[in-house]
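Listed in order, the protein sequences are those of chains D and B. Quick note on numbering: the first sequence equals residues 1 to 447 in the UniProt record's numbering. Quick note on numbering: the second sequence equals residues 1 to 578 in the UniProt record's numbering.
Careful, some of the hints might be misleading.
Unchecked claim - Taking lysine-lysine pairs in the DSS-like style, the calculated list, with each CA pair at most 27 Å apart, reads:
id : chain 1 : residue 1 : chain 2 : residue 2
1  : B       : K424      : D       : K286
2  : B       : K460      : B       : K557
3  : B       : K313      : D       : K29
4  : D       : K119      : D       : K29
5  : B       : K234      : B       : K114
6  : D       : K53       : B       : K313
7  : B       : K543      : D       : K183
8  : D       : K29       : D       : K62
9  : B       : K557      : D       : K286
10 : D       : K178      : D       : K165
11 : D       : K29       : B       : K279
12 : D       : K53       : D       : K29
13 : D       : K168      : D       : K80
14 : B       : K201      : B       : K91
15 : B       : K149      : D       : K130
16 : B       : K275      : B       : K201
17 : B       : K506      : B       : K490
18 : B       : K91       : D       : K183
19 : B       : K424      : D       : K285
20 : B       : K460      : D       : K178
21 : B       : K313      : D       : K165
22 : D       : K183      : D       : K168
23 : B       : K184      : B       : K149
24 : B       : K166      : D       : K62
No lab work stands behind these hints: they were computed from the structure.
Read off the chains here:
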Amino acid sequence: MDNNILNNGKRNEQLSSNQSFRADKSNKKIPPVEEKNWILHRYYTRHEYEICKIIIEQELEKFAGLTEFPHYLKGLILRKEGRVQDSFNCFQNSYEVNPRNVNNFTQIAKSLFLLGDYKRAIEIFLQAKKMSDPSEWEINYFLGECYTRTNQLEDAETHLIHATKLTKNENPYIALVKLYVIKDRIIDAIDIYTNALVSIPESEEIATELGQLYLDVGDIKRAFQQFGTVLAQSPNYTKAMIPMAYIMQSNGEYDVAFSKYKITSQSMPESWTLWNNIGMCLYGKKKYVSAITCLKRAHYLNPLALAPACNLGLVFLTTGQVVSATIYLCGAVASGRTSSMAYLLLGLALKRLDDLDGAESSLEKAHSLAPQDPWVLINYAVVLDAQKKSKQARELLVVLNDVNTLIDLDLQIIRMTKQLTVKLQADDKLSRPLFTQEERSFNEDEV
Amino acid sequence: MTMSGRGLNSSRWLDAIWEPNARIHNVPNGMDMLDLTGDGDTKLIILDLGSSTLKDIKLRILNGANQIAEYTMVDIPSSIIGFHTENNNNKSAVLAVGSCSSILIFKNLKPHFKFCLPLIPAHPKELNIWYKTNMDAELNIFTLKDDLKILLKEIGAASISSRTLKFLSLKTEIRQNFVEQYRKLSLFKVNVITSMSTIRKDAWTEIAFSYLVVGTEGGEILILDHRGFLIVEKYIIGWPPVAVTSSGLWAGDGQIALTGRDGQIGVIERGKTLKTWEKLSAPAVAMTILSSQGVAVVTMNSSFFAFSKQGRKLWKVQLPGNPLDMVSLPLPQNGLFLLAISIAGFGVRIYDQRHHIDTIKALESVASLKYGRLGQEEHTMAMITFGGGLNIKILKRTADFRICPYFNNNFNSLNNIKFTIPKKTTLSIEQTIREKSETTHIHRTFQQGFLRLRLNISSKVQNILIVEQQFQLLPLALQCSILGFGPQYKIKIYVTCLLERYLPNKFFLVCRNANILVKPRVITLPFIAVGFHLPAIITLVIKNRIPNRIQILVCYKGQLKPLNIITITLPITEDQIE
Numbered sequence: 001m002d003n004n005i006l007n008n009g010k011r012n013e014q015l016s017s018n019q020s021f022r023a024d025k026s027n028k029k030i031p032p033v034e035e036k037n038w039i040l041h042r043y044y045t046r047h048e049y050e051i052c053k054i055i056i057e058q059e060l061e062k063f064a065g066l067t068e069f070p071h072y073l074k075g076l077i078l079r080k081e082g083r084v085q086d087s088f089n090c091f092q093n094s095y096e097v098n099p100r101n102v103n104n105f106t107q108i109a110k111s112l113f114l115l116g117d118y119k120r121a122i123e124i125f126l127q128a129k130k131m132s133d134p135s136e137w138e139i140n141y142f143l144g145e146c147y148t149r150t151n152q153l154e155d156a157e158t159h160l161i162h163a164t165k166l167t168k169n170e171n172p173y174i175a176l177v178k179l180y181v182i183k184d185r186i187i188d189a190i191d192i193y194t195n196a197l198v199s200i201p202e203s204e205e206i207a208t209e210l211g212q213l214y215l216d217v218g219d220i221k222r223a224f225q226q227f228g229t230v231l232a233q234s235p236n237y238t239k240a241m242i243p244m245a246y247i248m249q250s251n252g253e254y255d256v257a258f259s260k261y262k263i264t265s266q267s268m269p270e271s272w273t274l275w276n277n278i279g280m281c282l283y284g285k286k287k288y289v290s291a292i293t294c295l296k297r298a299h300y301l302n303p304l305a306l307a308p309a310c311n312l313g314l315v316f317l318t319t320g321q322v323v324s325a326t327i328y329l330c331g332a333v334a335s336g337r338t339s340s341m342a343y344l345l346l347g348l349a350l351k352r353l354d355d356l357d358g359a360e361s362s363l364e365k366a367h368s369l370a371p372q373d374p375w376v377l378i379n380y381a382v383v384l385d386a387q388k389k390s391k392q393a394r395e396l397l398v399v400l401n402d403v404n405t406l407i408d409l410d411l412q413i414i415r416m417t418k419q420l421t422v423k424l425q426a427d428d429k430l431s432r433p434l435f436t437q438e439e440r441s442f443n444e445d446e447v
Numbered sequence: 001m002t003m004s005g006r007g008l009n010s011s012r013w014l015d016a017i018w019e020p021n022a023r024i025h026n027v028p029n030g031m032d033m034l035d036l037t038g039d040g041d042t043k044l045i046i047l048d049l050g051s052s053t054l055k056d057i058k059l060r061i062l063n064g065a066n067q068i069a070e071y072t073m074v075d076i077p078s079s080i081i082g083f084h085t086e087n088n089n090n091k092s093a094v095l096a097v098g099s100c101s102s103i104l105i106f107k108n109l110k111p112h113f114k115f116c117l118p119l120i121p122a123h124p125k126e127l128n129i130w131y132k133t134n135m136d137a138e139l140n141i142f143t144l145k146d147d148l149k150i151l152l153k154e155i156g157a158a159s160i161s162s163r164t165l166k167f168l169s170l171k172t173e174i175r176q177n178f179v180e181q182y183r184k185l186s187l188f189k190v191n192v193i194t195s196m197s198t199i200r201k202d203a204w205t206e207i208a209f210s211y212l213v214v215g216t217e218g219g220e221i222l223i224l225d226h227r228g229f230l231i232v233e234k235y236i237i238g239w240p241p242v243a244v245t246s247s248g249l250w251a252g253d254g255q256i257a258l259t260g261r262d263g264q265i266g267v268i269e270r271g272k273t274l275k276t277w278e279k280l281s282a283p284a285v286a287m288t289i290l291s292s293q294g295v296a297v298v299t300m301n302s303s304f305f306a307f308s309k310q311g312r313k314l315w316k317v318q319l320p321g322n323p324l325d326m327v328s329l330p331l332p333q334n335g336l337f338l339l340a341i342s343i344a345g346f347g348v349r350i351y352d353q354r355h356h357i358d359t360i361k362a363l364e365s366v367a368s369l370k371y372g373r374l375g376q377e378e379h380t381m382a383m384i385t386f387g388g389g390l391n392i393k394i395l396k397r398t399a400d401f402r403i404c405p406y407f408n409n410n411f412n413s414l415n416n417i418k419f420t421i422p423k424k425t426t427l428s429i430e431q432t433i434r435e436k437s438e439t440t441h442i443h444r445t446f447q448q449g450f451l452r453l454r455l456n457i458s459s460k461v462q463n464i465l466i467v468e469q470q471f472q473l474l475p476l477a478l479q480c481s482i483l484g485f486g487p488q489y490k491i492k493i494y495v496t497c498l499l500e501r502y503l504p505n506k507f508f509l510v511c512r513n514a515n516i517l518v519k520p521r522v523i524t525l526p527f528i529a530v531g532f533h534l535p536a537i538i539t540l541v542i543k544n545r546i547p548n549r550i551q552i553l554v555c556y557k558g559q560l561k562p563l564n565i566i567t568i569t570l571p572i573t574e575d576q577i578e
C-alpha cells in the first residue's frame, strides 16, 4: 500500500495557539466542485427541496453550470414536483457536463418515458444498456415498459423476463403480469406471481395482485387464501383488505365486511370504491338511507364511475324514488355504454314512470348487449307485452326457455315466465295489462 | 393515542434539558457524545451549520446546557465522530471532524492535527494541457480554453480537476489573471469526505482503539489509523457512500456497511472487495447497525428495512411519515437492542425489531438524534429540532420496554376508529316524500325542461354552422368499400384530389359511430397530388347484433363544419361458423 506518499504536507505545521486551525493560505485554494454534494443529498433525502434548490442555484452560479451533481439533483427534485419537462432539461445539462455517466443517460430516458416519447426513450435506454453494468435490472424494466406502450409486446416480454431474473424488486414482475393480462395469458400471469412470491415472499403488493388475478378469473377460494395470507402478515394493508371484504360481502357476511371497511376508511377516506362497497354493504343490511348517502359520496368522488351510479339507481328503485333512480341511471348509461345492467335498470325505472317507449328502447339495448341474460329477457318480454308486441315477447320467452334448460333460473323469473306465457296464450284480444316488477338484487362492487 | 398505555402512567423518558432557542442547525452525523478531557464527564459535541444556506459554521462543545468551547469552521464539515486511540485509556479520546478534503483532529478540547486526504492525480491529458500552458512563454487563454473544453467533452466533468472547471466558468476578462495565478502550481484533483465512521480494531472493551472509516466523493473507503495517520487500507467502491456504519472488530469479523446516493447498499469485509446487495427502492436517509444481526436502513419513501449480515431482507415496515434520522439504542442490561427513528410530524419512534413500542413526542420534528452516555448519565438521547432547539432526555432506569402499549395496536385501534356515515338533511327527506308522491309529474317536468334545453342548444349550433360557415366546394372525392363478413370489417377509403394544385395537409377523416370499436378514429391526410388515389384503411369491430351505421366525416383543420359526411350502413354480422 502506498501510504508513505500521502501528500500530507501539513503535518509538520505548527498549530497556532488561538484554538483554531490555520486558514489554508486560502486565497490560492479552489474549493472542489463536489464540496457540497453531500449536504445537497442530505437535504434531498429529508425532502427539504426548497433549501436544496437554493444551494443548487448557488453552486451552479459558482461554476457556471459546469457541475454535474447539482444539475442531476435539480432534475430529480423537479421530477418529484411534477415538472417533467424542466427536469428533462436538467438531466440534459448534467449529461452535457459528464457524458460518461450512465445515470445521466437513464434519467434522460426516464424523463422521455414520463413525457410519453417512448421511441426516443427506447433508443437512449438501449444506449445506456451498452454502457452499464450487465446486472443492472432497471434499464431492462424500463425498456419493457416502453415496448409495452409502443405495442412491441415480444420485445417487452424478453426485457421484462430478463429484469425479473436480475432483481428481487416487485416492479418488473408487476409489469410482466400486466403484459400477460393484455395478451390474455392469465395462467402465465398467475405463474409469474407464484414464482415471484417464492423469491420475494414478503411482498404484499405481489401477493395482493395475485389474489386480484384469482378474483378476476373467478377462483374466489384461492383469492381469499391469498388475501388472508397478506392480511396475516400485515393486518392493516388496505389494498388487500378491500377485496377481502368484497368477498365476504358477496357471501352475505355484511357485518364482517363492514368492520373491514371501517378500518380501511381511516387510510383512504377519499376512495370511491370504498364508499361504493360500504353503500352496497348497507344496502345488503337493508339500511337504505345510509346506503344512499354512502353511494352518493362515492358518486361525488367519481361521477364518471359506473358502479356507484348504477348502484344508486338500484337503491333508489328499491326505496321507490324512481325519478332520482332515473337520473343516476342515465348517468350510469352515459359512463358505461357496454353495461347491460345499467340499461336494464334504466328500462325498469322508465317503465315505472309510465314511459314505455323509453323502457322498450333501453331494454332493447340491454338485450343487444347481453342476449342471454334471463333478467333482461323476462323484463324485455314484459315491456314488449305491455307495448302490445306479443309476437316479439313470445320469441323472447322461447329464448328464455332455452336458457332455462342450461342454467337454473331464479324462482321469481320462472313464476313470471309462467304468468306471462299464460297471458300470451290467453290471446291478444283479452289484453289485460300485466304490471309486475322485476328486480334483481345487484351487487356490482368494483374492487 | 397517548404515549403511555393504561399500565404506564408516565413516560419512560425524563426531561433533562429543553432549550428551544439554542439555534442549532444540525443534520445527521453532526453530533456526538465524548469524554474529551478524560475527566469522566461526557460532553455533547454539536456541529452547528449556522443556517440552512451554510453560513457561519461552528463546532460547539456543550457540558450539559452550557457551552464550553466553540470553533469556527472554514469548510463545511460533513460529519463528526469521537473515538479512542488506546485501549482502556479514557484520556485518549479524540474528536475527528471530516471537513471538505481534510480531517481535523481535536484532542483535549484543542485543535491537534489536520489530516489531508491524499490528492487524486489529474487526468494525464489535462495535466498535459496545463503543463504546456506553463511552458509557453506567452499565455494564450483562448487555445487553453478550447483545449480544455474539448477535454471536458471527452472525459466528462467527473474526472476533471476543479481548477479547469473554475477556469471554464470564469468570464473571459478574468481568465488571464486566474491562469497566471495558478499555472505554476501542481495540478491535482481534490477528494471530498462524504461520510465517516469508526470501527474497533481488536478489543471489545468499552474504551477501545478504533480505526477511522472515511468515505469519499471519489468512491473510496479509507481505513485510517490515528497514531501515524496512515491509510491502513483503501477500498474502491465506485460511488460516493452517503452513510457508513460498522460492526464487529476489524481484526476479526468486522464489517463495514455503506449505502450510496442512488440506493446502492453493500458491505466490505477486511481484505475483500465490496459485496453489493439488492438496491434499495429509494435512497437511504440514515443507516445504523442492528445489534449483531446486520444493518437497519430508513429510506426516502418512508420505509424501514432491516438486513442480515449476508444482505437478506429481514423485514420492511412502512413508517407513517418521512424519516429524518435513526440511531441505535443498545440496552444490554435489558437484553434489548432498540432503534430510534425520527419521523417528520410524528416525533421519535422507538422500535424493538419491527415492533413500534414507544414514542417520544416532540413539538417540532427532530432533525438529528444521538444516543449514548452524556455527563454522568448512561442512557441519554440528544435531539435537535428543525427550529434549532436542543432537547435532551434521559431514559429512566426503571423503564420497562416489555409492556408495549402499541403491540396490540390493531385490536385497540379498532374500537377507537371514528367512522361516521354521512347524514341526510331534513330537506332531502322532505324531498324524498314529495318525490314518492309525485313521481311521474316530476319526471315529466324535468324531461320537458331538459328536452327544451337540448333543443335550444341544437338550434343554436345549427345556426352557427349554417350562418357562420361558408360553404366550400369539396376538393376531395371519396370512394369507400367494406371488406369482411363481420364482426370485424375493414373499410377501404380512396381519397382523390380533384383540384389542379396540391392540397395542404390540413384535411382529416373522422369516423363517427356508436357501439363499434374503430381503429383509427381519426386519419390525418398527407399532401395529396392531383389525381392521386390515397388509400386509407379503417378497421371496425362490431360489439352487438344491431344493424350499425358509420359516418365518415371529411374535415378541415380550423373549420367547425365537416366538408362532407358519408354514411355507410354496415351489413349484419354473419354467424360464426363453428
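| message | Against the 27 Å threshold, does the CA-CA distance of B/K166 and D/K62 hold or violate the hint? | response | holds, 8 Å
### Task
Below or equal to 27 Å on CA atoms is what counts here, so check B/K201 against B/K91.
holds, 18 Å
Mind checking the alpha carbons of B/K424 and D/K285 for me, to see if they're no more than 27 Å apart?
At roughly 18 Å apart (the allowed maximum being 27 Å), D/K285 and B/K424 satisfy the hint.
Would the hint linking B/K91 and D/K183 be met if the CA-CA limit is 27 Å? Not OK: B/K91 and D/K183 at ~72 Å, beyond 27 Å, violated.
Taking 27 Å as the top limit, are the C-alpha atoms of D/K178 and D/K165 close enough? Holds, at roughly 17 Å.
- Query: Is it true that the CA of B/K506 sits at most 27 Å from the CA of B/K490?
  - Reply: holds, 24 Å
Margin query: Against the 27 Å threshold, does the CA-CA distance of B/K460 and B/K557 hold or violate the hint?
Written below: holds, 22 Å
Next on the checklist: Between the alpha carbons of B/K149 and D/K130, is the straight-line distance 27 Å or under?
Outcome noted: holds, 26 Å
Quick one, are B/K184 and B/K149 close enough, alpha carbons at most 27 Å?
Holds, because 21 Å separates the two Cα atoms, which is no more than 27 Å.
Within 27 Å, alpha carbon to alpha carbon, are B/K543 and D/K183?
holds, 20 Å
Can you confirm whether the C-alpha distance between B/K557 and D/K286 stays at or below 27 Å? Between B/K557 and D/K286 the Cα gap is close to 56 Å, so the pair fails against 27 Å, i.e. violated.
Could you grab the alpha-carbon distance between B/K424 and D/K286 and see if it respects the 27 Å cut-off? holds, 16 Å
Checked against the numbered hints above, the structure breaks hints 3, 4, 6, 9, 11, 18, 20 and satisfies the rest.
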